[in-house]
Amino acid sequence: MPMVSQSCGVLPRVDLQRLLDALSAEGYRVVGPTVREGSVVWETISSVSELPIGWRDQQEPGRYRLEQTGSQELFGVVHGPQSLKPFVFAPREPLLQITRRQDGFTTSPTLPQPERVAVIGARACDLAGLVIQDRIFMNETYRDPYYATRREGLFVIAVNCTRALATCFCASMETGPRAQRGYDLAVTEVDEQLLVESGSEAGRDILSTILVPAASDELISAAASSIHACAQSQIRRLDHSRLPQALYEAHEHPRWDDVAGRCLACTNCTMVCPTCFCHTVEETPDLSHQHAAHARLWDSCFTQEHGYIHGKNIRPTIKDRYRMWLTHKLASWIDQFGTSGCVGCGRCITWCPVGIDVTEELSALLTPDVQPPLALQHKDGP
Amino acid sequence: MVNPYVIHPATIVEKIREAEDITTYRLQLVDVEAQRRFRFKAGQFNMVYLFGVGEVAISIVSDPDEPELLDHTIRAVGRTTKAIAALQPGDALGIRGPFGAGWPLEEAKGRNIVIVTGGLGCAPVVGAIEYIFRRREEYGSVKILHGVKTPHDLLYRERFDAWRRHPDTEVLLTSDQPDKTWRYHVGVVTELFEQVSIDPEKSMVLMCGPEIMMRLGVPILMRRGIPATAMYVSLERHMECGIGLCGHCQMGPYFLCKDGPVMRYDRVEQWLGRAGV
Chain E
0 MPMVSQSCGV LPRVDLQRLL DALSAEGYRV VGPTVREGSV VWETISSVSE LPIGWRDQQE
60 PGRYRLEQTG SQELFGVVHG PQSLKPFVFA PREPLLQITR RQDGFTTSPT LPQPERVAVI
120 GARACDLAGL VIQDRIFMNE TYRDPYYATR REGLFVIAVN CTRALATCFC ASMETGPRAQ
180 RGYDLAVTEV DEQLLVESGS EAGRDILSTI LVPAASDELI SAAASSIHAC AQSQIRRLDH
240 SRLPQALYEA HEHPRWDDVA GRCLACTNCT MVCPTCFCHT VEETPDLSHQ HAAHARLWDS
300 CFTQEHGYIH GKNIRPTIKD RYRMWLTHKL ASWIDQFGTS GCVGCGRCIT WCPVGIDVTE
360 ELSALLTPDV QPPLALQHKD GP
Chain X
0 MVNPYVIHPA TIVEKIREAE DITTYRLQLV DVEAQRRFRF KAGQFNMVYL FGVGEVAISI
60 VSDPDEPELL DHTIRAVGRT TKAIAALQPG DALGIRGPFG AGWPLEEAKG RNIVIVTGGL
120 GCAPVVGAIE YIFRRREEYG SVKILHGVKT PHDLLYRERF DAWRRHPDTE VLLTSDQPDK
180 TWRYHVGVVT ELFEQVSIDP EKSMVLMCGP EIMMRLGVPI LMRRGIPATA MYVSLERHME
240 CGIGLCGHCQ MGPYFLCKDG PVMRYDRVEQ WLGRAGV
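Protein chains in written order, with numbering that gives the first Met the number 0: chain E, 0 to 381; chain X, 0 to 276.
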């Protein structure tokens, strides 16, 4: 693949600032991960020093911790609760400004201001999520003008993963740990070197402005083996080979009752998910009742209201809602969009306050339920 | 770039009281160009908007051949519909639409039509009936079987009376909680199946109403030889966007606002009646 090797450069870690400066010079607002309140969040940055240098995240079911290793590692934190989703599918997107008039009202769309945003530090799973969201909001039959405006200005610098979290299972979802598509530049941090590859015309252009030397074969192969080792080290996996059908067939599985007993319906999993797209529309009039803001907000299938129709709720119980979420994410999503709705980022496992593990739930649901003989079910304890 | 969220102002031309909490609103789009462009199929719905409150998904019940005036029958049950109930002719609402898949009335040409409805659920099929009667000779026999809980729930009384007068048409009504004035059948709508002859090879069934009615009714019709592929149902779910994007109206793999609300029965058979779907 000559294209790849041509657009494959090396940047010493200490020189990353040159890339950030080049992006700023091109008019991009540069956004990167920054440490805040025990986690990392996306913030506008101007200097490499704002990155979580030396920090690493440890993630487990229901647990997120940052620790400082004292190293100069730039991208030791794999990810925080946010994926790329908030950049394109805004948590609150004003849709219309509506003004009352004599004969009714006038509406004017409130499209976001076009803005060039360069995000550095997105992971392969985040990109896979972005590609899925593109398919939802910008397909052959529909192009969402709000999403599209934000998407067009987005420049993504992916970071290939060389360290897996305990919650990661992208290898089994075939979405990572190497960024596959949708990125403009992809970086692999190998000791003090950054291997930089371009994945788009815009990426190549930026790379050419900072004149990086070509990467050596040794560096390329060291990066590849680190990424490979990362995939190998993942302890969780999700077997999607029998989906969607097997999950449709598990609709009456007793495991749903079991997980519903633990699930708090807090909506965290849907908020951190890179692909969840449910939203509600809200109308907010001002005090004069002459103007109203019409906006869409992230919604969640775990709320009471999600399945509500005049006087009845299609999904009244937490069991109904957890089943809706998981069945949609892993099964009906495939029928709807030709891809799983799960990218294996593991965020729903980490940010679940009670540590419900999607991989464990699926595996239990796909295991035929063996009911103990009735006589044993009500056996008294010793 | 088309913006599907833009709402078009519409004036309430007339309010037709159907029952205590049910009113049909006859709407006319204010913008002449929007009015000219608005064409719909029977069974499709609009998002009806009230300034400062919000939108609700409502079937268009009027005749698709008269798209200048758009009838929406609304029961005042929620925040938005109760606020709409306070409006008077001349007041403004808004419309986005039409959305969704309507009844397969082209495909139904030349066939006998069996319409099975329950309660306010008959609203989505009213436009289809008007469409068929406007082209009476293009369709075979028409049988309209309509069930209500109490006689008070019988809407569109004059329409039923008018439909009854068409040639080769039967209209059968039933109530399972009748009062002394009720002069039709007593019982649930599926009992009416026994009172009509249906040629299974020539018939197409259009059904809307409570899902329980579909789940109980369809197997009876299937036993009479009507294939599932000749039966269509109009389904209801929470809808906010109308374009298959907000996620609320899912039933299995379908977004009912876009793939439905009218669905061929064999496509939804496995999802109907599943808890929480």
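Please note that the accuracy of each hint is not assured.
The list that follows gives simulated cross-link-like pairs (lysine-lysine, DSS-like), each with its CA atoms no further than 25 Å apart [what the hints assert, rightly or not]:
{"#": "1", "chain 1": "X", "residue 1": "Lys14", "chain 2": "X", "residue 2": "Lys81"}
{"#": "2", "chain 1": "E", "residue 1": "Lys311", "chain 2": "X", "residue 2": "Lys201"}
{"#": "3", "chain 1": "X", "residue 1": "Lys81", "chain 2": "X", "residue 2": "Lys179"}
{"#": "4", "chain 1": "X", "residue 1": "Lys108", "chain 2": "E", "residue 2": "Lys311"}
{"#": "5", "chain 1": "X", "residue 1": "Lys108", "chain 2": "X", "residue 2": "Lys40"}
{"#": "6", "chain 1": "X", "residue 1": "Lys201", "chain 2": "X", "residue 2": "Lys108"}
{"#": "7", "chain 1": "E", "residue 1": "Lys311", "chain 2": "X", "residue 2": "Lys81"}
{"#": "8", "chain 1": "X", "residue 1": "Lys201", "chain 2": "X", "residue 2": "Lys40"}
{"#": "9", "chain 1": "X", "residue 1": "Lys40", "chain 2": "X", "residue 2": "Lys14"}
No wet-lab data here; the hints were simulated from the structure.
Taking the hints in turn, this is what the structure says about them:
1. X:Lys14 / X:Lys81: Since the Cα atoms of X:Lys14 and X:Lys81 sit roughly 14 Å apart, the hinted pair holds (cutoff 25 Å).
2. E:Lys311 / X:Lys201: Measuring from Cα to Cα gives roughly 37 Å; hence the hint is violated.
3. X:Lys81 / X:Lys179: Outside the cut-off at roughly 31 Å; violated.
4. X:Lys108 / E:Lys311: violated, 36 Å
5. X:Lys108 / X:Lys40: holds, 15 Å
6. X:Lys201 / X:Lys108: Distance ~10 Å between X:Lys201 and X:Lys108 Cα, so the pair holds.
7. E:Lys311 / X:Lys81: At roughly 17 Å apart (the allowed maximum being 25 Å), X:Lys81 and E:Lys311 satisfy the hint.
8. X:Lys201 / X:Lys40: The hint holds at about 23 Å.
9. X:Lys40 / X:Lys14: holds, 22 Å
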